[in-house]
Amino acid sequence: MRARNLLAAAALFLPLPALAAAIEGQTQRQPTNWTAIAMFAGFVALTLAITRWAAKRTHTVADFYAAGGGVTGFQNGLAIAGDYMSAASFLGISAQIFTDGYDGLIYSIGFLVGWPILMFLMAEKLRNLGRFTFADVASFRFAQPAVRSFAAFSTLTVVAFYLIAQMVGAGQLIKLLFGLPYGSAVAIVGVLMIFYVLFGGMKATTWVQITKAVLLLGGASFMSVMVMAKVGFSPESLFMRAVQVKTDLATATGLDPVAAAAKGRSIMGPGNFIKDPISAISFGMALMFGTAGLPHILMRFFTVPNAREARKSVLWATVWIGYFYLLTFIIGFGAIVLVASDPQYLDAAGALLGGGNMAAIHLAKAVGGDVFLGFISAVAFATILAVVSGLTLSGASAISHDLYATVFCKSAADSGAELRVSRITTVVLGVFAILLGVVFEKQNIAFMVSLAFALAASGNFPVLLLSLLWKGCTTRGAVVGGFAGLLTALVLMILSPSIWVTVLHHEKAIFPYTSPAIFSMAVAFLTIWLVSLLDNSPRALIDRAGFDEQRVRSETGIGASVAAGH
Amino acid sequence: MTTSELAARVQASAKYQELTRKRTRFGWTLTVAMLIAYFGYVSLIAFDKALLAKPVGDGIISWGVPIGFGLIVFTVTITGLYVWRANAEFDALTKAIVDEAAQ
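Heads up: the protein sequence lines correspond to chains A and B, in order. Position 361, counted from 1, in the first sequence is what the working numbering calls 361; the numbers after and before it change by one each time, with no gaps. Position 80, counted from 1, in the second sequence is what the working numbering calls 80; the numbers after and before it change by one each time, with no gaps.
Certain hints may be false.
Claimed, not checked - Taking lysine-lysine and the BS3-like style, the derived pairs with C-alpha atoms no more than 25 Å apart in a straight line are:
| id | chain 1 | residue 1 | chain 2 | residue 2 |
| --- | --- | --- | --- | --- |
| 1 | B | K95 | B | K15 |
| 2 | B | K15 | A | K471 |
| 3 | A | K275 | B | K49 |
| 4 | A | K471 | B | K22 |
| 5 | B | K54 | A | K275 |
| 6 | B | K49 | A | K263 |
Because the hints were derived from the structure by calculation, they are not lab data.
So that you can see chain A by itself, here it is in the shape it has in the complex (with noise of 0.2 Å):
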């Protein structure tokens, strides 16, 4: 009772939320909010101190690249939820569930599907075969240089597609939750996570990403129970006061009762998310193979000691991003019930405060008040961090162990001088992550991870499936495949409408469908089986020859190497 009452005196010296009428636009800068700003200098005070902590431990490239490979599976499986869920998911589903009711929730499954698939084909094979890149596993019995040219390309691709939709996802939330500029905003970030990776590396990383994900879930379940609470617990009644709400606002804008009631009643179901089979299909397709080929999740799987410990890795992960996923659907058809009906959220129009994506901001507040909401924005903000960590820690593996060591220096990098350069890289590409997230303010984020997830599909995981499971695939036939499914889904995306129509301005889409995945995805695997079919080269010979040893260390861990490697 008397902590309420403090919180409540707090509460009175905190800055009122905008009240502002007729905001427009996706990102209205919103005024400073000291409770947010507090929250997130807390957090930032433990995870620096967490950073500081794992310098002292991070002396080799094994503790830099895979935490020295002590990682247990529940915290990988945890590391990994905290990879995943991003701010996108967790603002970006709640609040499509928000606007479209029933849509959100099929667009969520489409980001747990592929998990399964990633333990019953990969996942303990990646663990036995690797060390500290997925390059390691899908170049193994293949030549060097090539493959793992292709690997840092296709990676840097992927992470650069994803960064940039993390960055400008960051600046915008930050200038919406804190009132900060976008510019700073992004600076603020980009800085941070050097600071962790460079110092810190995997050990830092993994430990960043494991608060955030407590944090995230924690405070999701205590959303989603406030908000049964308000329904009594009844998921019907939860259902029909949103029903209620949606017809409501629909009889305002001057439908007639019958139209409204069936407007009211379409969050119910399938919307206009899924548009014509193939669309679908190819959309599906990209998010559960993407998952499997997104090269930040997969270097996870080094950094627990063994196959075991990587099955118990994508298990944990699993149940916990599907339980995120079970609690955005209430948190989205909570926002509508306790958001979309009280006007102190609303301006003039009847718009969102500060934008779409505010929903599950302000139900935060619904809920729980002005420290809940500060609690909340502070884990969307660490959310971020926690996933740009992964994905720059992910490309400076890339330059340093795949590009640097193996085909620069031909494998004879000393691991004093492969850590110099990963962490050079990694301030290079920090800076990098912030000149894009300035430079592409203006993007759509939606499109440019569904773009990475497209591209992982098509890229990295034909080639990694074939090099694992087909004894026939040859180096040629991963090198040419795995570029041409990446090159057809690239080129695709700019035919596809939200280039070719939204950004250039033509009449009409040359490639009608959203993903490119069903056909880039049949591009790689075919140019992969019928190069490798062809492929009578010496080198053809020594990749076949090496397949039941790699078979055999895949299938057993005999001769997997441990990543601790003091």
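With chain A's structure known, arrange chain B on it following the hints.
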């Protein structure tokens, strides 16, 4: 013994054959089950949107909600199923193979 000799020996062992056969079959069976579940769900939406919007009984909750939630639970469960069998069966086989190879 070189690594390739070791590999050849492991490959010839009956336990290794058993492990790879069982695990590969199990892995692909579950993969196909997951693909059918997910792309079945997506196709259901793509071809018949009205079906998922239909209420369960006479309440407000549509079929889409239990089906969507069910798919999430299915995804987690099928992943757990793999881990359960791998812990119980595959790990023991793997250990036997590794011990055999070390002799």
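Check: Looking at the structure, which of the earlier hints fail to hold?
Finding: Every hint satisfied by this model.
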